[in-house]
Structures are given as structure tokens and as C-alpha cells.
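The listed protein sequences correspond, in order, to chains C and Z. The first sequence begins at 0 in numbering that gives the first Met the number 0 and counts up one residue at a time. The second sequence begins at 0 in numbering that gives the first Met the number 0 and counts up one residue at a time.
Note that these hints are calculated values from the structure, not bench results. Please note that a few of the clues may not be correct.
Ranges between beta-carbon positions, derived for each pair [claimed, not checked]: (1) D167/Z with Y65/C: 30 to 36 Å; (2) G138/Z with N49/C: 28 to 34 Å; (3) R282/Z with R189/C: 48 to 54 Å; (4) L174/C with I14/Z: 42 to 48 Å; (5) D167/Z with G177/C: 34 to 40 Å; (6) S154/Z with A135/C: 45 to 51 Å.
Ideal Cβ positions, reconstructed from N, Cα and C, are used throughout, including at glycine.
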Amino acid sequence: MGETLGIWIAAGLTLMMFSFIYRDNVLFKIGEHLYLGLSVGYFINVQYWNTFYPEVFSRIVYDHNYVVIVPAVLGFFLLLRLVPSLSWLSRWSFAFYIGGFAGLAVPFVLNGLLLPQLTSTLVPFQPATSAAANLANINQVIILVAVFSVLIFFFFSLEHKKLVGSVSKVGLFFLMLGFGAAFGTTVMARVSLLVGRFQFLIEDWLMGRIFRAG
Amino acid sequence: MNWTKAILNLDRRIIFSIVALVVAWPLISPLALPVVATPEVEAIFQGMDALPAGSHVLISADFDPASKPELQPMLDAVLQHCFAKGIKPTIMTLWPGGPALIQGSVERAAKQFNKVNGTDFVFLGYKPGNAAVMRGMVGGVQNTYANDHYNTPTSGIPIFQEVRKFADYDYFIEIAAGATVEPWLAYAVEPTKVPMGVSCTAVSAAQYYAFVQGKQIVGLAAGMKGSAEYEFLVRGSYSDALTSAGVPAGAATKGMDAQSLVHIFIVLSIIVANLAYFIERKRGPQRRSA
Numbered sequence: 000m001g002e003t004l005g006i007w008i009a010a011g012l013t014l015m016m017f018s019f020i021y022r023d024n025v026l027f028k029i030g031e032h033l034y035l036g037l038s039v040g041y042f043i044n045v046q047y048w049n050t051f052y053p054e055v056f057s058r059i060v061y062d063h064n065y066v067v068i069v070p071a072v073l074g075f076f077l078l079l080r081l082v083p084s085l086s087w088l089s090r091w092s093f094a095f096y097i098g099g100f101a102g103l104a105v106p107f108v109l110n111g112l113l114l115p116q117l118t119s120t121l122v123p124f125q126p127a128t129s130a131a132a133n134l135a136n137i138n139q140v141i142i143l144v145a146v147f148s149v150l151i152f153f154f155f156s157l158e159h160k161k162l163v164g165s166v167s168k169v170g171l172f173f174l175m176l177g178f179g180a181a182f183g184t185t186v187m188a189r190v191s192l193l194v195g196r197f198q199f200l201i202e203d204w205l206m207g208r209i210f211r212a213g
Numbered sequence: 000m001n002w003t004k005a006i007l008n009l010d011r012r013i014i015f016s017i018v019a020l021v022v023a024w025p026l027i028s029p030l031a032l033p034v035v036a037t038p039e040v041e042a043i044f045q046g047m048d049a050l051p052a053g054s055h056v057l058i059s060a061d062f063d064p065a066s067k068p069e070l071q072p073m074l075d076a077v078l079q080h081c082f083a084k085g086i087k088p089t090i091m092t093l094w095p096g097g098p099a100l101i102q103g104s105v106e107r108a109a110k111q112f113n114k115v116n117g118t119d120f121v122f123l124g125y126k127p128g129n130a131a132v133m134r135g136m137v138g139g140v141q142n143t144y145a146n147d148h149y150n151t152p153t154s155g156i157p158i159f160q161e162v163r164k165f166a167d168y169d170y171f172i173e174i175a176a177g178a179t180v181e182p183w184l185a186y187a188v189e190p191t192k193v194p195m196g197v198s199c200t201a202v203s204a205a206q207y208y209a210f211v212q213g214k215q216i217v218g219l220a221a222g223m224k225g226s227a228e229y230e231f232l233v234r235g236s237y238s239d240a241l242t243s244a245g246v247p248a249g250a251a252t253k254g255m256d257a258q259s260l261v262h263i264f265i266v267l268s269i270i271v272a273n274l275a276y277f278i279e280r281k282r283g284p285q286r287r288s289a
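Build the full structure now, drawing on both the sequences and the hints.
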């Protein structure tokens with residue numbers, strides 16, 4: 000019974016949200032406000048029970064670990080941005096957070112992302128002994144040209160004329176290829192979401208509840 | 000009105016209606032278009048399939064209902080693969096909206112394959128603080144998660160007598176709806192060299208191919224298509240196990256018919272609309288207004 004009711008509510012809300020395709024209307028507004036309200040309520044609940052209660056409240060009250068008060072106070076300072084006369088206190092929290100996180104991130108990001116990507120950009124050519132090796136070499140040339148020309152495109156200390164201008168145009172071409180691929184996959188992702196909703200409407204609601212019940 | 004003007008002034012609601020029909024038709028009457036696995040998805044599958052029974056895999060399911068159609072089928076397929084092969088998965092999430100969705104997948108797969116919580120799999124649930132959690136997992140699972148999702152102390156869970164830290168895992172699968180792939184790589188995978196397979200939303204796929212090219216990740220499953228390919232590979236290799244467990248056809252595979260048809264419609268629409276635009280432009284303003 001509970002599952003059936005949930006499916007009917009979800010189907011109704013989905014159709015209310017889809018009604019915006021026709022035009023903005025009161026049903027869409029109701030669905031939109033319900034979604035926002037429920038999301039905020041849900042996330043406050045999740046954060047309270049997964050963060051505040053176990054990491055702050057329990058540690059102070061049950062474990063008597065009073066060191067936790069320091070980060071808890073810094074966290075509270077972030078909320079003081081809402082009080083103009085005390086908003087300067089939030090800068091302490093940001094300074095601590097940004098300083099600490101940068102210290103953690105810099106070595107790991109350099110070693111884990113930047114250097115491996117640089118290494119894989121500058122791979123030595125393979126001996127041309129097979130078609131696969133030749134293709135890999137061509138691929139490597141394309142990668143090198145793309146990286147170099149895109150870097151030149153974003154190099155603004157020289158005017159983009161003559162040779163620099165030509166190379167930056169090649170960079171622009173590669174950027175457009177990248178944006179095209181990203182746009183194509185974005186369309187694919189959005190269509191997937193639509194397919195997911197239609198799967199729910201057709202399989203779970205129409206086939207699963209209405210026609211089966213009939 | 001000639002056809003070019005009709006196309007250029009087409010009411011967007013007509014286009015939406017056609018898209019709705021194109022999506023609904025194959026879901027009501029499936030076309031069973033073939034699914035072919037790409038090398039990137041096959042690499043993730045082979046990486047997992049090469050592990051012996053009893054191996055440990057960490058799955059970080061970092062998504063929420065907004066990317067359910069793309070990523071939940073991948074989680075389902077990976078769990079089916081693990082359980083069919085006797086691999087023990089540890090599942091966790093860094094997304095606050097994820098636990099209920101992921102719990103559903105984990106419990107469904109465990110029930111289908113008769114797997115026991117704590118011995119055959121563990122669901123750790125949600126933990127806030129992305130980078131801190133990742134570094135915490137490298138230091139020790141039990142230090143990071145004192146309890147699992149069901150509030151059982153991790154110190155008493157049998158699986159954690161066999162794996163204690165990130166480096167003890169034989170394979171790592173990241174199912175990502177957002178920007179958690181790079182932090183996992185930087186903070187956990189590169190320092191420990193645990194092989195990593197990635198499933199991501201189609202939106203972010205383009206940026207992650209660089210990590211496949213650089214051999215930092217084993218493979219990449221992009222969006223619903225990647226999930227459908229993984230479902231296809233699991234069903235192809237473990238057909239008997241899936242049938243006896245009563246596992247229905249994968250949601251991504253079923254959705255791919257609709258996805259393919261909509262893509263064809265979008266491509267045709269772009270070609271026809273551009274054709275109409277250029278024909279109208281060639282006619283010039285006088286003839287257009289005439």
C-alpha cells in the first residue's frame with residue numbers, strides 16, 4: 000500500500016514538473032516548491048545525523064572530547080556571515096579551511112594529477128614496427144599539437160598575430176572539438192534523465208499500477 | 000508558408016511531443032537494438048573479472064537521485080558481477096542524497112544472490128568531508144567509519160579483519176555524478192596504486208578520457224550507455240548465475256533503445272533546421288518577407 004501510494008505521488012509530481020514544457024503554471028510551481036522544501040529538509044536531517052550528532056554532539060557530550068569545540072566554533076563562525084556586525088569572524092574559519100585544505104591538496108594534486116598527466120602527454124614515440132604503433136604515434140602527435148596550441152591560445156602576454164595567431168587558431172579548433180564532445184555528452188545525459196523518468200512512468204506507474212490493477 | 004519557414008517557426012511544443020513519443024515507443028515496444036561494449040568499459044569489466052573469488056572491491060557510489068538513470072544501473076551491474084563471482088564489495092558514498100538509493104541497490108542484489116551483510120559485503124553509508132574521508136580511508140577504514148550504515152561497529156564486522164585500509168583493496172570502482180574522480184585519484188589511488196575503474200555521468204565523460212589515455216584509470220563507463228555495456232558484459236559472462244538469482248534485464252539496456260532513437264531524432268533535427276536556416280539566408284531579406 001505504502002509503495003503504491005509513493006509511486007502515485009511520484010508519478011503525479013513528475014507530470015506536474017513536465018507540465019512546464021507546455022507553459023509555466025500553478026501545478027509546476029507547487030511541484031517546484033515541494034521539491035525545494037523537501038530537499039532542504041532532507042539534507043538538514045542527513046547532515047545533522049551524519050555530521051553534527053556523531054562528530055560534534057556525541058564527541059563532546061558522551062566522549063568528553065572537548066577539542067572538537069574548536070572546529071565546531073569555527074563552523075559556527077561561518078553562519079555569522081548572516082549577521083553583518085559579526086560577519087568578519089567568518090574570515091577566521093575561511094582562513095583556517097583554505098590554508099589547511101591548500102596544504103593538503105597541493106602535494107597530492109601535483110603528484111596525483113598534474114605530473115602523471117604531463118608524463119602521459121610526453122610519451123616517447125614507439126618504433127614504427129606495426130600499424131598499432133604507427134597509430135599510437137599519430138595519436139601522440141595530435142595530443143602534443145593540441146596541448147601546445149591550446150596553451151598558446153590562453154597565453155595572453157603576446158598579441159595573437161602572425162605565428163602566435165595561427166597557432167592559437169589551431170588551439171581554438173581543438174577547444175571547439177572539446178566543447179562539441181562535451182555538448183554531445185551533455186545532450187546524452189539529459190536524454191538519459193528523460194528516459195529514466197519515462198521508464199518510471201511507463202513501467203512502474205502505468206504498467207505496474209494502472210493496467211495491472213485493471 | 001514554405002517548408003523552410005515552417006521548420007524555422009516550429010512551435011517547440013511539437014518538438015517536445017515528438018521527443019516524448021520517440022522515448023515512449025521503444026519502452027512500450029522494445030526494439031532490442033544491439034549493445035556493443037567499448038574497450039574502455041570492457042577494461043573495467045576485465046579488471047574485476049580477473050580477480051579471484053574472495054577478493055575485496057571498494058565501490059564509492061557518489062551519486063544521488065538526480066543521476067539515477069545513468070549510474071544506478073552501473074552500481075547494480077557491478078554488485079551483480081561481484082556477487083556472481085564471489086567478490087566481497089565494500090560500498091560507501093560521499094553524497095548526502097545517495098544512501099537511500101544505494102541501500103536499495105545493495106539490499107536487492109544481496110537478496111538475489113543470498114549474500115550476508117558483514118561477511119559477503121558491507122555498506123558503510125554516507126560520510127561527509129570528501130578529501131578528508133578519502134585520506135581517512137587510506138589511513139584505515141575503521142578509523143574513518145566507526146559504524147556502518149546500519150550502525151554496526153566496524154570493529155566487529157568480519158570483512159574488516161581482511162581489509163583494514165584502502166591499499167588492502169584489490170580493485171576500486173568510483174561511480175561519480177560529480178567531481179569526485181580527481182580527488183580519489185589524487186588522495187587515494189595514486190599514492191596506493193590500487194587499480195581504479197570509473198563510471199560517470201555522460202556530462203563529465205569528456206574530461207575523464209585523459210585519465211584513461213594516461214593509464215591512471217583502468218577504464219571509463221560513460222552515462223547510461225556505459226552502464227548498459229557493463230550490464231551486457233555481466234549478462235554475457237554470468238548468464239546462468241543471473242538467471243538463477245532472478246535478476247531482471249538491466250534498466251540501462253532497456254533505456255538504450257529510447258536513447259538511440261532520440262539521438263537519431265536530434266541529429267536529423269539539427270541537419271534539417273540548419274538546412275532550412277541556410278536556404279532562408281540565401282533567399283535574402285526581401286524574398287523572405289515576400
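message = Please list, smallest to largest, the hint numbers that this structure does not respect.
response = 2, 3 and 4
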